[in-house]
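*Asks:* Here is what each chain is made of, one letter per residue.
Protein chains: 2
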Amino acid sequence: MQPYSLTVDKFLDHAAKWCGDGQIVQADAGQVVRRSTYRALRERSNRLSGALEALGLRFGDRIGTLAWNTQYHLETYYAAMGIGLVCHTLNPRLTIAHLAKMINEAEDRAIAASADLMPLLRELGPLCPTVEHVILMDDGLAATELQDSDPPRIWPYEALLERYGAPAKWGDFDENAAAGLCYTSGTTGQPKGVLYTHRSNYLHAMRALQADAIGLAGNDVVLLAVPMFHANAWGLPFAAPAVGAKLVLPGRHTDGKSLAALIRDEGVTVAVGVQTVWMGVVDHLDAVGGELPDLKRVLIGGSNCPEALIRRMEERLSARVQTSWGMTELSPMGTIAPSDAAPGDAQASGRPPMGLDLKLTDANGATLAQQRGVVGHLKVKGHSVLDRYFKAESDALDEEGYFDTGDLASIDEAGNLTISGRSKDLIKSGGEWINPTEIEAIVGCDPTIGAAAVIGRLDAKWGERPVLIVEPRQGRDIDPEKLIGALRGKVADWWIPDQIVEISSMPLAATGKIDKNRLRSDYENGKMEAKRLRR
Amino acid sequence: MQPYSLTVDKFLDHAAKWCGDGQIVQADAGQVVRRSTYRALRERSNRLSGALEALGLRFGDRIGTLAWNTQYHLETYYAAMGIGLVCHTLNPRLTIAHLAKMINEAEDRAIAASADLMPLLRELGPLCPTVEHVILMDDGLAATELQDSDPPRIWPYEALLERYGAPAKWGDFDENAAAGLCYTSGTTGQPKGVLYTHRSNYLHAMRALQADAIGLAGNDVVLLAVPMFHANAWGLPFAAPAVGAKLVLPGRHTDGKSLAALIRDEGVTVAVGVQTVWMGVVDHLDAVGGELPDLKRVLIGGSNCPEALIRRMEERLSARVQTSWGMTELSPMGTIAPSDAAPGDAQASGRPPMGLDLKLTDANGATLAQQRGVVGHLKVKGHSVLDRYFKAESDALDEEGYFDTGDLASIDEAGNLTISGRSKDLIKSGGEWINPTEIEAIVGCDPTIGAAAVIGRLDAKWGERPVLIVEPRQGRDIDPEKLIGALRGKVADWWIPDQIVEISSMPLAATGKIDKNRLRSDYENGKMEAKRLRR
Numbered sequence: 001m002q003p004y005s006l007t008v009d010k011f012l013d014h015a016a017k018w019c020g021d022g023q024i025v026q027a028d029a030g031q032v033v034r035r036s037t038y039r040a041l042r043e044r045s046n047r048l049s050g051a052l053e054a055l056g057l058r059f060g061d062r063i064g065t066l067a068w069n070t071q072y073h074l075e076t077y078y079a080a081m082g083i084g085l086v087c088h089t090l091n092p093r094l095t096i097a098h099l100a101k102m103i104n105e106a107e108d109r110a111i112a113a114s115a116d117l118m119p120l121l122r123e124l125g126p127l128c129p130t131v132e133h134v135i136l137m138d139d140g141l142a143a144t145e146l147q148d149s150d151p152p153r154i155w156p157y158e159a160l161l162e163r164y165g166a167p168a169k170w171g172d173f174d175e176n177a178a179a180g181l182c183y184t185s186g187t188t189g190q191p192k193g194v195l196y197t198h199r200s201n202y203l204h205a206m207r208a209l210q211a212d213a214i215g216l217a218g219n220d221v222v223l224l225a226v227p228m229f230h231a232n233a234w235g236l237p238f239a240a241p242a243v244g245a246k247l248v249l250p251g252r253h254t255d256g257k258s259l260a261a262l263i264r265d266e267g268v269t270v271a272v273g274v275q276t277v278w279m280g281v282v283d284h285l286d287a288v289g290g291e292l293p294d295l296k297r298v299l300i301g302g303s304n305c306p307e308a309l310i311r312r313m314e315e316r317l318s319a320r321v322q323t324s325w326g327m328t329e330l331s332p333m334g335t336i337a338p339s340d341a342a343p344g345d346a347q348a349s350g351r352p353p354m355g356l357d358l359k360l361t362d363a364n365g366a367t368l369a370q371q372r373g374v375v376g377h378l379k380v381k382g383h384s385v386l387d388r389y390f391k392a393e394s395d396a397l398d399e400e401g402y403f404d405t406g407d408l409a410s411i412d413e414a415g416n417l418t419i420s421g422r423s424k425d426l427i428k429s430g431g432e433w434i435n436p437t438e439i440e441a442i443v444g445c446d447p448t449i450g451a452a453a454v455i456g457r458l459d460a461k462w463g464e465r466p467v468l469i470v471e472p473r474q475g476r477d478i479d480p481e482k483l484i485g486a487l488r489g490k491v492a493d494w495w496i497p498d499q500i501v502e503i504s505s506m507p508l509a510a511t512g513k514i515d516k517n518r519l520r521s522d523y524e525n526g527k528m529e530a531k532r533l534r535r
Numbered sequence: 001m002q003p004y005s006l007t008v009d010k011f012l013d014h015a016a017k018w019c020g021d022g023q024i025v026q027a028d029a030g031q032v033v034r035r036s037t038y039r040a041l042r043e044r045s046n047r048l049s050g051a052l053e054a055l056g057l058r059f060g061d062r063i064g065t066l067a068w069n070t071q072y073h074l075e076t077y078y079a080a081m082g083i084g085l086v087c088h089t090l091n092p093r094l095t096i097a098h099l100a101k102m103i104n105e106a107e108d109r110a111i112a113a114s115a116d117l118m119p120l121l122r123e124l125g126p127l128c129p130t131v132e133h134v135i136l137m138d139d140g141l142a143a144t145e146l147q148d149s150d151p152p153r154i155w156p157y158e159a160l161l162e163r164y165g166a167p168a169k170w171g172d173f174d175e176n177a178a179a180g181l182c183y184t185s186g187t188t189g190q191p192k193g194v195l196y197t198h199r200s201n202y203l204h205a206m207r208a209l210q211a212d213a214i215g216l217a218g219n220d221v222v223l224l225a226v227p228m229f230h231a232n233a234w235g236l237p238f239a240a241p242a243v244g245a246k247l248v249l250p251g252r253h254t255d256g257k258s259l260a261a262l263i264r265d266e267g268v269t270v271a272v273g274v275q276t277v278w279m280g281v282v283d284h285l286d287a288v289g290g291e292l293p294d295l296k297r298v299l300i301g302g303s304n305c306p307e308a309l310i311r312r313m314e315e316r317l318s319a320r321v322q323t324s325w326g327m328t329e330l331s332p333m334g335t336i337a338p339s340d341a342a343p344g345d346a347q348a349s350g351r352p353p354m355g356l357d358l359k360l361t362d363a364n365g366a367t368l369a370q371q372r373g374v375v376g377h378l379k380v381k382g383h384s385v386l387d388r389y390f391k392a393e394s395d396a397l398d399e400e401g402y403f404d405t406g407d408l409a410s411i412d413e414a415g416n417l418t419i420s421g422r423s424k425d426l427i428k429s430g431g432e433w434i435n436p437t438e439i440e441a442i443v444g445c446d447p448t449i450g451a452a453a454v455i456g457r458l459d460a461k462w463g464e465r466p467v468l469i470v471e472p473r474q475g476r477d478i479d480p481e482k483l484i485g486a487l488r489g490k491v492a493d494w495w496i497p498d499q500i501v502e503i504s505s506m507p508l509a510a511t512g513k514i515d516k517n518r519l520r521s522d523y524e525n526g527k528m529e530a531k532r533l534r535r
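Protein sequences appear in the order of chains A and B.
In terms of the working numbering, the first sequence opens at residue 1 and continues consecutively.
In terms of the working numbering, the second sequence opens at residue 1 and continues consecutively.
Think of the hints as simulated: they come from the structure by calculation, not from any bench.
Mixed in with the good hints there might be a few duds.
In the DSS-like style, the derived pairs of lysine-lysine whose C-alpha atoms are separated by at most 27 angstroms in a straight line are [as the list claims (entries may be wrong)]:
(1) B/K296 with A/K296
(2) A/K17 with B/K359
(3) B/K490 with B/K513
(4) A/K381 with B/K169
(5) A/K513 with A/K490
(6) A/K359 with B/K169
(7) A/K169 with B/K359
A partial selection of chain B residues facing chain A, derived with a Cβ cut-off under 10 angstroms [as the list claims (entries may be wrong)]:
(8) Q2
(9) Y4
(10) F11
(11) D174
(12) N176
(13) R199
(14) Q210
(15) D340
(16) G355
(17) D357
(18) A392
(19) D395
(20) Y402
(21) F403
(22) G406
(23) E413
Some chain B residues well away from chain A (every beta-carbon gap over 12 angstroms; in silico) [what the hints assert, rightly or not]:
(24) R47
(25) H253
(26) R351
(27) E393
(28) E438
(29) D493
(30) W495
Where a beta carbon is used, it is the ideal one built from N, C-alpha and C, also for glycine.
Could you put together the complete structure from these sequences and hints?
*Replies:* The structure is reproduced here in structure tokens:
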């Protein structure tokens, strides 16, 4: 059969040729600020490739991006990957030290950044000697305005495109070439780089397009509320053009008011983001009223979502909620619950779509004899799963070629996955394991609780004992005895936390997950400014 | 990222592990004769691989199949491909001479055949010296019954499985290895072999699974009424297990009564076959009444379908009809109309799904400057498109790497393809082209017409002139002047056929298409036993 290199530039080529009028909409705080089409975006993107070549960037070089979900960012994805540069997405919410470490390890030769992140860039500049060029994504900047700082040379995006933009040859290289680089969030250790290839991204997008996964059609309108700076934004920058779906990019702001306006005004049918983002939309609608008539499906990921919350979302949004599980090392999609899953199955994250396989092992890595109905350590295998971290010296796989997710999970008889915690978060008390996630799920159902986390504290007698840390919902008072009462009978008595600590606001990692490392360290160092509710 | 060879055995592995209880149902004349699950089918298939190895078959060897849509045939697909044998599907409706030629060219070392095709095998035996083993697919045969003819040695399938069945190692070889071999139908020339690879079949299945293409979900029930002996049966033997959909195999009989019973009894949601098959179901339901409440979508392919027929099918079946276009050389799926296409678009065959590209050229192969709204010669490119026929000495591609489909087609502004004829069927009259397909479509709308074909006859003055050949619908009389009247004003006057010939039954090629080669030869040799209605 014909040779056909699985390179991601083919997605935008296909969209431009076959769905050329398909729209890309970029907003800022819920207001549309830019509209383009796949045809126009392909043309601009391709000319930006030419400009990057003119700056001296060559096949295999890394180019960092520090940007929100914008048309510029999407153009930069394709401009870089189309000519074999590695698009190294950086999370603007990380610390300067973390960002500098990533940029230096990746040896980024250029950085394309949202203009509002200029202060961050000024701090990064002296720390990152490999960066020769900075491209500022804002069409309001004049060509000459920022030419004085050299090196790095600073280019307004439109000026660069105007001066050096030229048609470039896309693709036509080995599909195993690197396409993207993204660092893990580092909530459970040092951030590590994951190097995606064209082939892994291409196959990941095709996996996402299966009906039981994201299943986009050409007449869908997709709101991308997961950040493009992390893990390919679920691969949707590839999957949406593959089918020609209209793509709505919210910019920097993903508050409930902004997103509700966008969903309504742009006729969004499929919305993708973490649970807290959609709860913001629900809260906003509850406060001001209004409906989102075109919305059909809401895809959530990032953490387990209590069933009561799912029901509340489904009722208020009149849309189906699809839960999912993934991670940076999986490109990032793992499993996703089909849109027609029974309501009772809502907490599970679905079966693995074709192209991904799962197994459960014990703590020593031995495959469990029983793979259904028991909790084990989750290992994964597939065409879009990491084998070796960027610049690592050995593979991160077991003898059967599976990658350790660090998650604890169970799989039901029908093959549906339920994540039940992180192996590193387990608390060992009296030689037995306590799973914080189970306690958090029960406590999280209490209407006075905004967020809950259970960590282990050192204990002379038991080794470790669980501490429950809670953040109240706004304007609510927490009754510690009621929380303990809710746990009785649902978890073993010795799992019940000895202490309950109330804090005003949970520390979050840059990806929005609760930062348990920080919680543990604050607690241990006595830095937790908190009301101790119990003991 | 992890190594992952795109081999088709992974589809059945995935189904067995993640949708192990998913059903495979085999029928005969509308009655279910066998039920299995993906788990059981995987186990039997894999043991059959072991048996094939025990017979001495080795990686790269060809094994022919002469069989209907049965569980045995499906098991043989995977048993062969899983260990790198090439599954060479043969059409039992071809002539002995054609079959022998294909078997000999492919050097098939074994043939697995439906037991009811034993008479065919007895004729083929002496003509096919490379065939060492025959496997008869019927569980009613005793182990010893047919051991006397040697060589070729004849094995009842179940006896072979019992005697030599053993677990075999699947996959784990290069994804570019050959998986299947199928010959073109030969309606427009000598049959030519198309060698599918594991990679092309894998990627084809993922392309088919896109929402705007076949878009199967795990809770779908698929009736496979396209033959497994031709062009991978639309790739559904791969796509259905990929998602764990229940698969209904009708066996030999695809008459309306049998299929209606199966659709109703097995809860079929998606039915795939050529138009005539579904018209048979409609006619049956019209005659005896009844509804098919679970049926949602009917996918048709093989020829253009008049809009009135589509409407009739959609109304009677209460299901959406998706038109499509494909060919053996495309694995076979080309384009497919999305299930939500507007009714007016029903005649178009949809946009190419991601992984396939189209272009239109003139008769000399030059790309048309205007690609929309004009008729041109259709060329295609993609990961599941042929580059070189089996044992051919050169590629069948143009300089840009596109394959010539031999079809004439147009593409509308939205990118939807409409096939408007075969380039070889065009009639050149007075130096200008007449397209028979346009005439046939108009004539075919007449309620007295069962089938219509236009061929060219030699003409001293004009070069060629069109002859209309018609088969009446049962019990109807054809009025030639009415047919001519219907054409006036819709086609140029000089396109109107000089002759109308009525025949009792159209000659069909083995794939069910009208055999125009035969029509032309019968007409020219004066062999056409026919009523001449005009002139």
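*Asks:* Which hint numbers does the structure go against, in order from smallest to largest?
*Replies:* When the structure is compared with the hints, numbers 11, 18, 22, 26 turn out to be violated.
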